[in-house]
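J.: Once you have looked at the hints, place chain B on chain A.
These protein sequences, in sequence, are chains A and B.
Numbered according to my numbering, the first sequence spans residues 1 to 114.
Numbered according to my numbering, the second sequence spans residues 1 to 186.
The set of hints was computed from the structure by calculation and includes no laboratory data.
It is possible that part of the hints are untrue.
Derived Cβ-Cβ restraints for the label pairs, each shown as a range [said to hold, decoys possible]:
#1 A:D2 / B:D163: 14 to 24 angstroms
#2 A:N4 / B:T126: 47 to 57 angstroms
#3 B:R157 / A:L34: 44 to 54 angstroms
#4 A:D2 / B:V121: 25 to 35 angstroms
#5 A:L34 / B:Q34: 49 to 59 angstroms
#6 A:S30 / B:A5: 12 to 22 angstroms
#7 B:P177 / A:Q105: 45 to 55 angstroms
#8 A:D2 / B:L173: 36 to 46 angstroms
#9 A:F84 / B:I156: 30 to 40 angstroms
#10 A:S11 / B:E22: 39 to 49 angstroms
#11 B:L173 / A:G50: 11 to 21 angstroms
Take a look, some chain A residues computed to stay more than 12 angstroms from chain B by CB distance [what the hints assert, rightly or not]:
#12 D41
#13 V55
#14 G60
#15 V95
#16 D97
These numbers were taken from a predicted model, which means no experiment stands behind them.
Glycine included, each C-beta is placed from N, C-alpha and C at the ideal position.
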Amino acid sequence: MDTNDSLRVASLWHSMHAISQQLSPTTGCSEIELLEANTFDLHCFQSLTGSKFFVVCKLGTQHMEALLKVVYELYTDYVLKNPFYEMKMPIRCEVFDINLTQTVQKDRVALLGR
Amino acid sequence: MPPAAPRSGDAIFASVERVNAELFTLTYGAIVRQLLTDLEEVEEVNKQLDQMGYNIGIRLIDEFLAKSNVSRCVDFKETAEMIAKVGFKMFLGVTASVMNWDADGTCCSIVLEDNPLVDFVELPDTCQGLYYCNILSGVIRGALEMVAMKTEVTWIRDMLRGDDAYELQVKLLKQVPEEYPYKDDE
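Next comes chain A alone, as it looks inside the complex (with noise of 0.2 angstroms):
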């Protein structure tokens, strides 16, 4: 996926997020946590900020909320304190993207045994 296509599934996700709050039947609803589709997982986590951080994954994959987790703190380590960083716009953090791809390489392992 490249970056365009990167952040049109990121707006259409987020316009999603904002519309489940006013669909929802109980009052109190503020984020999809969960999204169960025939052959994908989408987990979502959102920060008291309003940023929002969503993983695609193989259906019943677990702990995902741990690596969302991971990811906000990898977030604010290496992108919110990179001075050249602007916010709200995408993230072009090279630190960032290898501390990333080595979190999801450990969680693989970790996972998968291998």
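T.: The following block gives chain B in isolation, referenced to the frame of chain A:
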């Protein structure tokens, strides 16, 4: 999986990498001196320090939320306690206390017993209007704005100006929850 419990300021402070406190104090001092040289007017420097603090605050809030695992504060009183007990401890290593609440619970004072920014500092006569630690008021204002609160933060007491403590007044102006323009009548 049950959500992780919120961490105390001490625990987080102990777990992060730290820098030499004197380096921090010297760096901040150099910033203030340079601003005074560049801008010359004390009021301008105050404004600039506040703006710098604001830019720090809007980023710092996410780190605070990520590391401390706090859940949404129920009211402004809890928010103020969080800033004083967890926030100041986590980032500056100092304990602060909250006092002087007004009747509606929208205005309080945060009192700092200790302030690493001002070690070794004495204000000369030419800088009497300067709020040396004004960056802190900007940080709090910026951080709270990112969690939907518009506030006004001002200095009530400043030891560099002869008072006996550092006291910040934090006043909640209004809550601004994120608006989504999905109403039918728009």
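J.: Hint by hint, say whether it matches the structure.
T.: Each hint, compared with the structure:
Separation of D2 (chain A) from D163 (chain B) is about 58 angstroms and departs from the stated range, judged on CB atoms against 14 to 24 angstroms. About 55 angstroms separates the C-beta atoms of N4 (chain A) and T126 (chain B), a value consistent with the hinted range of 47 to 57 angstroms. At roughly 49 angstroms, the beta carbons of R157 (chain B) and L34 (chain A) sit within the given window of 44 to 54 angstroms. One distance hint, 25 to 35 angstroms for the beta-carbon pair D2 (chain A) and V121 (chain B), is violated here, with the actual separation near 52 angstroms.
Distance hint check: the CB atoms of L34 (chain A) and Q34 (chain B) are about 50 angstroms apart, consistent with the given range 49 to 59 angstroms. In this structure the hint that S30 (chain A) and A5 (chain B) lie 12 to 22 angstroms apart at CB holds, the actual value being about 20 angstroms. Between P177 (chain B) and Q105 (chain A) the CB atoms are about 38 angstroms apart, so this pair departs from the stated range of 45 to 55 angstroms. Distance hint check: the CB atoms of D2 (chain A) and L173 (chain B) are about 42 angstroms apart, consistent with the given range 36 to 46 angstroms.
In this structure the hint that F84 (chain A) and I156 (chain B) lie 30 to 40 angstroms apart at CB holds, the actual value being about 36 angstroms. Between S11 (chain A) and E22 (chain B), the C-beta spacing of about 47 angstroms keeps the proposed range 39 to 49 angstroms intact. As the Cβ distance of L173 (chain B) to G50 (chain A) is approximately 19 angstroms, the hint placing it in 11 to 21 angstroms holds. A cut-off of 12 angstroms between C-beta atoms confirms that D41 (chain A) is not in contact with chain B; the least separation is 15 angstroms.
With a least CB separation of 15 angstroms from chain B, V55 (chain A) remains clear of the 12 angstroms interface cut-off, as annotated. Non-interface call for G60 (chain A) relative to chain B: holds, since the shortest CB-CB distance, roughly 15 angstroms, exceeds 12 angstroms. Residue-level check passed: V95 (chain A) sits 15 angstroms from the nearest beta carbon of chain B, beyond 12 angstroms. Residue-level check passed: D97 (chain A) sits 18 angstroms from the nearest beta carbon of chain B, beyond 12 angstroms.
When the structure is compared with the earlier hints, violations turn up for hints 1, 4 and 7 and for no others.
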